[in-house]
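Those protein sequence lines, which keep their order, are chains A and B.
Note that the working numbering gives residue 24 to position 24 of the first sequence, counting from 1, and the numbers run on in steps of one.
Each position in the second sequence, counted from 1, maps to that position plus 1000 in the working numbering.
I should point out that these hints are in silico values taken from the structure, not numbers from a laboratory.
Values in this document were obtained by computation on a predicted structure and should not be read as measured data.
Each hint should be verified, as a subset may be incorrect.
Claimed, not checked - A short list of chain B residues far from chain A (calculated; beta carbon distances all over 12 Å): (1) G1036; (2) D1055; (3) R1065; (4) V1068; (5) F1101; (6) W1104; (7) A1129; (8) V1155; (9) Y1157; (10) V1175; (11) L1199.
Claimed, not checked - Here are the simulated BS3-like cross-link-like pairs (lysine-lysine), alpha carbons at most 27 Å apart as the crow flies: (12) B:K1069 with A:K68; (13) B:K1239 with B:K1043; (14) B:K1043 with A:K135.
A virtual CB, placed ideally from N, CA and C, is assigned to each residue, including glycine.
Here is how the chains run, residue by residue.
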Amino acid sequence: MSIRIVDVHKSFGEKHILRGVSLEIEPGECFFIIGASGVGKSVIIKHLIGLLRPDKGELYVEGVEVSKLSEKELYPVRMKCAMVFQNSTLFDSMTCAENVALPLRKHRGMSMNEALKEANERLAAVRMERFADAKPAELGDGMQKRVAIARALTLDPSIVLFDEPTTSLDPVSARRTDALIRELCDRYGVTAIVVSHDLTSIFSIADRIAMLYNGTVRLLGTQQDFKTTDDEVVRQFIEGRAEGPMQL
Amino acid sequence: MGPYERGELMAGPDGALLAFPRFLGERVLALASQVGGVGILLKDVLVRLSPSQIDRLELFRNLGRMGVKSVPIISATAAFTGGIMVIQAAPFVQQFQAEAFIGWAATFTTFRELGPLLIALIFNGRVGANNTAELGTMKVTDQVDALRALSIDPVSYLVVPRILAMVSMMVVLCVIGDAVALGGAVLTADLLLDVSPNLFLSSAVERLEVWDFGLGLVKSLLFGLMIALMSCYYGLATKGGAPGVGRAVNASVVASASGVFIVDYLLTFIL
Ligand SMILES: Nc1ncnc2c1ncn2[C@@H]1O[C@H](COP(=O)(O)OP(=O)(O)OP(=O)(O)O)[C@@H](O)[C@H]1O
Ligand SMILES: [Mg+2]
Chain A
1 MSIRIVDVHK SFGEKHILRG VSLEIEPGEC FFIIGASGVG KSVIIKHLIG
51 LLRPDKGELY VEGVEVSKLS EKELYPVRMK CAMVFQNSTL FDSMTCAENV
101 ALPLRKHRGM SMNEALKEAN ERLAAVRMER FADAKPAELG DGMQKRVAIA
151 RALTLDPSIV LFDEPTTSLD PVSARRTDAL IRELCDRYGV TAIVVSHDLT
201 SIFSIADRIA MLYNGTVRLL GTQQDFKTTD DEVVRQFIEG RAEGPMQL
Chain B
1001 MGPYERGELM AGPDGALLAF PRFLGERVLA LASQVGGVGI LLKDVLVRLS
1051 PSQIDRLELF RNLGRMGVKS VPIISATAAF TGGIMVIQAA PFVQQFQAEA
1101 FIGWAATFTT FRELGPLLIA LIFNGRVGAN NTAELGTMKV TDQVDALRAL
1151 SIDPVSYLVV PRILAMVSMM VVLCVIGDAV ALGGAVLTAD LLLDVSPNLF
1201 LSSAVERLEV WDFGLGLVKS LLFGLMIALM SCYYGLATKG GAPGVGRAVN
1251 ASVVASASGV FIVDYLLTFI L
């Protein structure tokens, strides 16, 4: 078992966002989490690396219960479990290459020059090597996101959390990102957890999908399960209909 | 809704009577949590001060942009301060023919008090405010969480180099400021009072003690620490998007300036 989430609850003030979410994710799986805006998709994956703490429940990452670890104890977990944030979060005082070089410099003990050299190779994998010396503010959202993916992958994590990796990407880059994620799973055995609204990604690369609704898992299953479900809420979501039983 | 309005919402005289103590209580609690927060930050910084943990690149980057780039404005302030001290003293010097004292009189207050204080206030406005805005923006755009997600400790990586840079640069800027202020004073005395640079300098050198200069440096160091801690604390405590960054900068500048005056008062009293 790569990841196990057991009955996680989380509120912010009055807002009860997660009301008992349980999921199990296998090693090497490409697992999608879908659901309407504000349902708590970002919240749940932030729990996995201890950026948020549950009010109740347990989260296991490769067997380690992370919800009660101290910040320092979380560092080894975060080296194995990388995250690409929803809004790419590149450090804007640095160039793209320096962004990617930072984890190498900090954790691989590389000098700046060695790290930059490797960073350029990493940027090439997401076809961003031409922008190595650009500052993030000079790039569009989609390009920033690709750099952020390169940065998250520098330490060769065994689990990667992608928060909407294809949102704001053009269709071609989006499909390339899908291919990259699938390749990570198939070739390198990485466990990928992808939060996404992108139906094309979902129905091309997902092994399993969980749909969150009203703070719990509404449906968990394969692409086929989602295509053939009778659940009207799920149908409305994946068919993208404005009218239906779904409450937002 | 301000605390007073909340009090008024409660019916009857009780509500109105309670409003003020409640307001006071809330302010005291807020202040206590901020003082506590700054204290915790100081502790977090101190336990991370081993040389191997310090990110040299960040340190040098901050030394450059916080220190080197402050030299022009600090020099301008210092030159005028030195000159102004002489102009202020001029009527008395002429009245009592105390040309032999002017060098000492102008430099004594500048070195001990005005120099460090004015430099600190300008440093607060230029570097402290900038620092809070930068950290605050990083916080509200999740860049601080991104560091944590990369297993990089934000205090080690962001705060420690900034604090070291700000403290050391305040001391260096104070030395530069003292030198420039002396130049400004010599020049003004020469032009305005016809006191020769020689006479001015010998009066300063004879009567000034090393400690007058040293006290200024000690003050600068503590002012620098104050500004550094406050600006990092308020930066990292920022919440609520762009307006939050604005509020944080505001709070940081006010708190640092108040802190500088309090430290100055206590130090002048003790030392
Ligand atoms: N740190 C926080 N403090 C307070 N509320 C928060 C915090 N983080 C998230 N929330 C709230 O939790 C809810 C869920 O947020 P989340 O970002 O997980 O949504 P999401 O499912 O990722 O939506 P989207 O598709 O828009 O990204 C939102 O209402 C948000 O306001
Ligand atoms: Mg989200």
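Taking the hints in turn, this is what the structure says about them:
| no. | hint | in the structure |
| --- | --- | --- |
| 1 | G1036 | 18 Å, holds |
| 2 | D1055 | 8 Å, violated |
| 3 | R1065 | 10 Å, violated |
| 4 | V1068 | 17 Å, holds |
| 5 | F1101 | 50 Å, holds |
| 6 | W1104 | 46 Å, holds |
| 7 | A1129 | 17 Å, holds |
| 8 | V1155 | 10 Å, violated |
| 9 | Y1157 | 8 Å, violated |
| 10 | V1175 | 28 Å, holds |
| 11 | L1199 | 50 Å, holds |
| 12 | B:K1069 with A:K68 | 44 Å, violated |
| 13 | B:K1239 with B:K1043 | 23 Å, holds |
| 14 | B:K1043 with A:K135 | 34 Å, violated |
Consistency note: the structure conflicts with the earlier hints numbered 2, 3, 8, 9, 12, 14.
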